[in-house]
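Student: One letter stands for each residue in the lines below.
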Amino acid sequence: MILQANFGRMAAILVLAVAALAACSNAQVRNSGASTIALQAVLNDSISVTLSGNAVNFNLIAGSANNAGSTSVTATTAWTLKPGVRNLRLYAFFSNSASALTDGVGDNIPSSDFQISDNGGPFAALTNSVPFGGANAGLLLSRTRIRARNRSGSRTDVLNFNINLSTLPNLPPGTYTGTLTIQAQAI
Amino acid sequence: MQTGRVIRIAAIALALATTVASAQAINSGAQTIALNATLAESLTLSLTANAVNFTLAAGSAANAGSTNITATTTWVLKPGRTAVGVYAYFANAAAALTDGGGNNIPSSAFFIADNAGASTALTNTVAFGGANGGLQLANVAITGANKNSSRTDVMAFNINLTGGTLPQLPASTYTGTLNIQAQATP
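Keeping their order, the protein sequence lines are chains L and S.
Oh and the first sequence: position 165 is 148 in the working numbering, straight run, nothing missing.
Oh and the second sequence: position 133 is 148 in the working numbering, straight run, nothing missing.
Note that these hints are calculated values from the structure, not bench results.
There could be a bad hint or two in this list.
[As the list claims (entries may be wrong)] Mimicking SDA-like on lysine to any residue, the simulated pairs with C-alpha atoms at most 20 Å apart in a straight line are: (1) S/Lys93 - L/Thr59; (2) L/Lys65 - L/Gly136; (3) L/Lys65 - S/Gln39; (4) L/Lys65 - S/Asn42; (5) L/Lys65 - L/Gly157; (6) S/Lys93 - S/Ala156; (7) S/Lys93 - L/Asn111; (8) L/Lys65 - L/Arg132; (9) S/Lys93 - S/Ser57; (10) S/Lys93 - L/Thr160; (11) S/Lys93 - S/Ser164; (12) S/Lys93 - L/Arg134.
[Stated by the list, open to error] Negatives, chain S to chain L, calculated, CB over 12 Å: (13) Ala40; (14) Gln46; (15) Asn83; (16) Thr85; (17) Thr89; (18) Asn107; (19) Phe143; (20) Gly191.
Every residue, glycine too, gets a C-beta built ideally from N, C-alpha and C.
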């Protein structure tokens, strides 16, 4: 009886093992061929300049060297640059050095009498030829060296303005208007 | 040999092209700031003092004021202005100074010497004040060279008590107000 029972138990185990092997044989994975998707992500070079304000007024005093602008303007320059770009420069300029501001009837304030102080530095007249604007009508406001750690970055330049009329003592009364342009260049 | 040279030249050309490409400038957009500067027209006149005393001698032609007064006229003028005039005047020619009791010193007895020039009575009708109660002290022609400028007039004063009934002017205190004013024309 005992021998008979042992034989029956072993037979059952054997059947189970065969069934398990058969199941393994049916679960073998089948793979398709690999299809590829080409990915391309482009991060373009970009530079942007935003200004905190777009208008400055001056109450002029005849012959005075100090005619401050009504407000400062903050220029925020943001960039994302490719490797190889080494410098980012911010410029201020007029289109014409002889008539940065004009009353429209032939009386002008030249760019050499228009001054900007950048981030509390000394006032400097717009008397240089820069990549933008008229000859002798510009000023390099700032230069940022670009390295691996700042290929994406930003900076702020707080601009204060002054008109020096000491060289224009006979400027006639009037309203003088002009457009100052701020622009950045990476190279 | 030839092939190697060509390959080297091509490699150099490629390297140069790559360098040029990477050196291309990248510009931001141009942001503008509108500038508005106003230089207002102005004409001002200031005096070094505002009071002059006279110790009168009855019937005397020479009764000098206690002090000279300097008038400084400063202007910033628009194009088109051709002259700046400086005037002295009383409101009433008949009573330049008065004792308030009906006794008066007329403007014709009041003299001003401007910048050490001749002493002249205030007997003209000028841009300001009463008829025949004024004197033009100065006339400055305005040109392109002096649209923004200034001038000074040193005024010395005298009261002449010799004319008309003035020798009989009663003893009293006579007071009056002399005005100095500038005008730009046209």
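Student: It remains to establish, for every hint, whether it holds in the given structure.
Tutor: Each hint, compared with the structure:
no. : hint               : result
1   : S/Lys93 - L/Thr59  : violated, 40 Å
2   : L/Lys65 - L/Gly136 : holds, 12 Å
3   : L/Lys65 - S/Gln39  : holds, 11 Å
4   : L/Lys65 - S/Asn42  : holds, 13 Å
5   : L/Lys65 - L/Gly157 : violated, 48 Å
6   : S/Lys93 - S/Ala156 : holds, 14 Å
7   : S/Lys93 - L/Asn111 : violated, 31 Å
8   : L/Lys65 - L/Arg132 : holds, 12 Å
9   : S/Lys93 - S/Ser57  : holds, 9 Å
10  : S/Lys93 - L/Thr160 : holds, 16 Å
11  : S/Lys93 - S/Ser164 : holds, 12 Å
12  : S/Lys93 - L/Arg134 : violated, 53 Å
13  : Ala40              : violated, 4 Å
14  : Gln46              : violated, 5 Å
15  : Asn83              : holds, 27 Å
16  : Thr85              : holds, 21 Å
17  : Thr89              : violated, 9 Å
18  : Asn107             : holds, 35 Å
19  : Phe143             : holds, 23 Å
20  : Gly191             : holds, 35 Å
The structure is inconsistent with the numbered hints 1, 5, 7, 12, 13, 14, 17, although it conforms to all the rest.
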